[in-house]
Amino acid sequence: MPVMSKLKGISGTAEIVGVAESDQIGKLPNKSALQLHAEAASNALDDAGIPMSDVDGFLTAGYSTYDVAEYLGIEPRFTDSTIVGGSSFVIHIAHAMAAIQAGYCEVALITHGQAGRSDRARAAMNRGLPGAQYEAPYGILGPPISYSMAARRYMHMYGEDRTRQALAEIAVSTRKWANMNEMAYMKDETMSFDDYHDSRWISWPFHLLDCCLVTDAGAAIVVTTPERAKNARKGGVKVIGVGEGHDHSLISQMDDLTMPFGRNTGPQALEMAGVTHKDLDLTMIYDSFTYTVLVTLESLGFCGPGEGPDFVADQRTAPGGDFALNTNGGGLSYTHPGMYGIFTVIEAIRQLRGETGERQIANRNLAMAHGTGGNLSSTGTVILQRD
Amino acid sequence: MAEYNKPIPVPQPESDRYWEGARREELWLRKCLDCDQAYFYPRDICPNCHSRNTDWIRSSGKGTIYTFSIPQRAPHPGFAGDVPYIAAIVELEDGPRIPTNIVGVEPKPENLDIGMAVDVVFEKITDEITLPKFKLA
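So the sequence lines, in the order shown, correspond to chains A and B.
The first sequence begins at 1 in the working numbering and counts up one residue at a time.
The second sequence begins at 1 in the working numbering and counts up one residue at a time.
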């Protein structure tokens, strides 16, 4: 089990000093995934005021660190290709902190790049793995189907109508935030409750508007020591709590379809940080689907099992509501290239720095960013505090 | 047989017996001889207690719907002619849950519910592979 006394000992020993997207995000048929990594890396290092030549730790997912590092022309002394879906990049922050604390490196670069919409060379599945043997032949293939099966189970346990209303609340409130974000794919498209309920079925019980976007995008984060953070262009944001893990891969192997692994990573990260839910000014939760947000709020302990629909009622998580959630417009309405987790951290950093203009939250000291990967399989949580 | 262009399982050493059983229209599961729990999918090590003292049992093929969804958009070109269909997880009376399709019923939400009783049926897709599926009991 994680040793809390040791975790508390490294709380705050690394800081995030640079965050960025690729030059553009959205529909980018003229950019390869590696180009998107490189643009974001360059932009995030500029944001930090640190040259690429100072990078001595490198972390990425979906691509191997040696492929991306070679493309960037860097020679890392700490390398980590941990790949657990969209939670990977949140978990990389914890790994970067551990590596910095242990002396492996001083400047860790985390990159993401995915041409989710436009890729010309998609990877094929390994046909011998359990998912290919036991789920794919039945068309249980891809997140919209696996997550909608989980959502149906939730409806059975906690009521179909109130669950449906909760999913609609989340879709509509998230879109309102996107309407305030210049970078959002859905910046200019509003969404009413009728729009939500009238949107076509993708995989019942999921409407189209329960599902995240499919975009192209890159993103990057720079993590370093508190000493170097002092000289960073915009200062640093401390990483004060972390948690990571997974409990299954295939949706059919998930023990409780309504209680993902955040039940462990959320409480761990909060305890390590020495803070409680009520202390948080902002919560960024990976919204692959509306349902992901609903069960993640419950798993993280913001409310009890089955209480999520009451928690998000009446547009409480929309601009002007009293619970700031997914203020960039999320994977649902801002961007979702395939493994969105890194963007939860980027928005949290920008909010804590006070850089988010029209959508800026009032109090900006403490944020949680939380990624989910696979089929509700893995989670990574970080607690971030303004230095 | 008409061209079949959905994903086709490639049996592995630990699953040959499962697929051979399906070809005979029998559903076989692994069972741990130490913790006495049957489990899916087939592997030599028990995922519950991690014992390697495990065996095969023949399932009754009876169970209930644990959850389901109804894909309307094909997740793979092979399913383009099948949508909407019923993606499901069935809880077998032997214990484990198994991913599958519910067949023989029009794929509409009102025709299905969690907890409904189902029985295994077998669909031959190639000379080597037969897929266990389920129908309402």
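Hints in this document: simulated from the structure, not taken from any laboratory.
Using N, Cα and C, we set each Cβ at its ideal position, and we do this for glycine too.
It is possible that some hints are incorrect.
[Said to hold, decoys possible] For each label pair, taking beta carbons as the anchor points, the in silico distance ranges come out as:
id	chain 1	residue 1	chain 2	residue 2	range
1	A	Leu129	B	Asp55	32 to 42 Å
2	A	Asp310	B	Gly104	48 to 58 Å
3	B	Ala80	A	Arg127	33 to 43 Å
4	A	Asp310	B	Gln37	35 to 45 Å
5	B	Ser60	A	Gly128	25 to 35 Å
6	B	Tyr4	A	Asp279	50 to 60 Å
7	B	Glu110	A	Thr276	21 to 31 Å
8	A	Lys8	B	Ile125	20 to 30 Å
9	A	Asp322	B	Asp34	33 to 43 Å
10	B	Gly104	A	Ala124	40 to 50 Å
11	B	Val105	A	Val214	26 to 36 Å
12	A	Thr276	B	Gln37	36 to 46 Å
13	A	Leu129	B	Gly104	55 to 65 Å
[Claimed, not checked] Quick look at which bits of chain A chain B covers, simulated, 3 or more residues with Cβ under 8 Å:
id	stretch
14	125–133
15	139–149
16	173–185
To see whether the hints hold, each was checked on the structure:
no.	hint	verdict
1	A:Leu129 / B:Asp55: 32 to 42 Å	violated (24 Å)
2	A:Asp310 / B:Gly104: 48 to 58 Å	violated (39 Å)
3	B:Ala80 / A:Arg127: 33 to 43 Å	violated (20 Å)
4	A:Asp310 / B:Gln37: 35 to 45 Å	holds (36 Å)
5	B:Ser60 / A:Gly128: 25 to 35 Å	holds (28 Å)
6	B:Tyr4 / A:Asp279: 50 to 60 Å	holds (56 Å)
7	B:Glu110 / A:Thr276: 21 to 31 Å	violated (44 Å)
8	A:Lys8 / B:Ile125: 20 to 30 Å	violated (55 Å)
9	A:Asp322 / B:Asp34: 33 to 43 Å	violated (52 Å)
10	B:Gly104 / A:Ala124: 40 to 50 Å	violated (32 Å)
11	B:Val105 / A:Val214: 26 to 36 Å	holds (31 Å)
12	A:Thr276 / B:Gln37: 36 to 46 Å	holds (38 Å)
13	A:Leu129 / B:Gly104: 55 to 65 Å	violated (29 Å)
14	125–133	holds (count 6)
15	139–149	holds (count 8)
16	173–185	violated (count 0)
Hints 1, 2, 3, 7, 8, 9, 10, 13, 16, counting from the list given before, are not met by this structure.
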